[in-house]
Amino acid sequence: MSIRPTDQIIHRAAWLYYTHGMRQDEVAKRLDISRASVAMYLRKARETGIVTISTSSQLFTDDVLARKLEDELGLQAVWIVPEDRQAIDPVAEMPVVAAAVFLELVKKGDRVGVAWGRTVYHIADVMPYADLQDVTVMQICGNLGAPYSYRPDQCTTEIARRLNAEGINIYAPLVLSSERLADEIRAEPVIEEQLASIADCQLALYSVGGVEDDSHLVKCGALSAAEMHALGEAGAVGVIAGQLIDAEGQLMDCAYNRRCISADLASIRAIPKRMMVVQEENKFEPLVAAIKGGLVSHLVVTTSMAQNLLARWAHEAKTS
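All residue numbers for the sequence shown refer to numbering that gives the first Met the number 0, where the first residue is 0 and numbers rise by one.
To be clear, the hints were calculated from the coordinates, so they are not data collected in a lab. Treat the hints with caution; some may be incorrect.
Below, in silico cross-link-like pairs of lysine to any residue (SDA-like), each with a Cα-Cα straight-line distance of 25 Å or less [stated by the list, open to error]: (1) K218 with A269; (2) K317 with V217; (3) K291 with Y17; (4) K272 with G231; (5) K218 with K272; (6) K106 with A129; (7) K291 with S319; (8) K272 with T47; (9) K28 with A269; (10) K106 with S33; (11) K317 with K43; (12) K43 with I32; (13) K291 with G231; (14) K218 with A246; (15) K67 with P127; (16) K67 with K107; (17) K28 with E71; (18) K106 with R179; (19) K218 with D252; (20) K218 with E192; (21) K291 with K107; (22) K291 with W312; (23) K272 with A254; (24) K291 with G220; (25) K272 with R45; (26) K218 with P271; (27) K107 with E82; (28) K107 with I8; (29) K106 with K317; (30) K291 with A313.
If you anchor each label on the Cβ, the simulated ranges turn out as follows [as the list claims (entries may be wrong)]: (31) R179 with G20: 51 to 61 Å; (32) A38 with K218: 20 to 30 Å; (33) E46 with D182: 35 to 45 Å; (34) R179 with P127: 21 to 31 Å; (35) A310 with S196: 36 to 46 Å; (36) E25 with K106: 42 to 52 Å; (37) Q132 with V189: 34 to 44 Å; (38) A35 with E183: 29 to 39 Å; (39) R22 with A313: 38 to 48 Å; (40) A38 with A254: 18 to 28 Å.
Please read all numbers here as calculations on a predicted model, not as lab measurements. Quick reminder that beta carbons are idealized off the backbone N, C-alpha and C, glycines included.
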């Protein structure tokens, strides 16, 4: 049985307080909530028996796995979507859970950065309507051609609409035809200001893409299958906000990236809450790279993905 997203914070507070021995003020700081809220959550944890989370109770299996993942990978928070036969299809459940988590993380007055792709678009599509005050939702990378689905501007606009928030789109292509032109576009005052302000976001929502021959960048025409294959051979492992990263989560030094209009990775790392949602098995290596590169603080994954991540970190700890 999985833990409801709305109850996850109770379990995280109990885990930090009882398992790690943190003081209530330390738990409050770690979870970015008030000390009064921590006290209330701990009381609920005692009343409902959550304080016995370290036992073998099947009820909390997924939640214990999430806490282990936080500890081993140094993440702030993890949510796990189960894949057992009794659970709802994870393909349908993942965006619902992610939307609930996102609404927990966003606060009044926040600036929120949003990337693009099928995962983010599906999250936006199921997100409940909320009336949040003074929230700004901004696109963190340039746009794609009109025929392509899941465009960055579509994702940004829809999430802003669901939150009754202000939406800010970047009116520039994701990829330019030359490095010189890309440099000139980035130097335009409006674009320069938009890209610089991404580091001021409190929350980012995105997924990570792969570098297969049929990846989003190939489907949208940003790269040919042959070009993507060559970049993979050169060390590209994943795609973050339209840009290629290597196995350590660092920006690839390549002509393609220099032609991109997107937030630099330093700006993304400066965002306190970097929420990543990953479901597909073929995104495991890109996700590992993103975590190693400091591009993830809050993570929503399936049970099998969480188990694979723990196994990878355990293996690398033994061989290092």
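Unsatisfied constraints (hint numbers, rising) = Of the numbered hints given earlier, those the structure breaks are 1, 2, 3, 4, 5, 8, 11, 15, 16, 18, 20, 21, 23, 24, 25, 26, 27, 29, 32, 33, 34, 36, 37, 38, 39, 40, listed in rising order.
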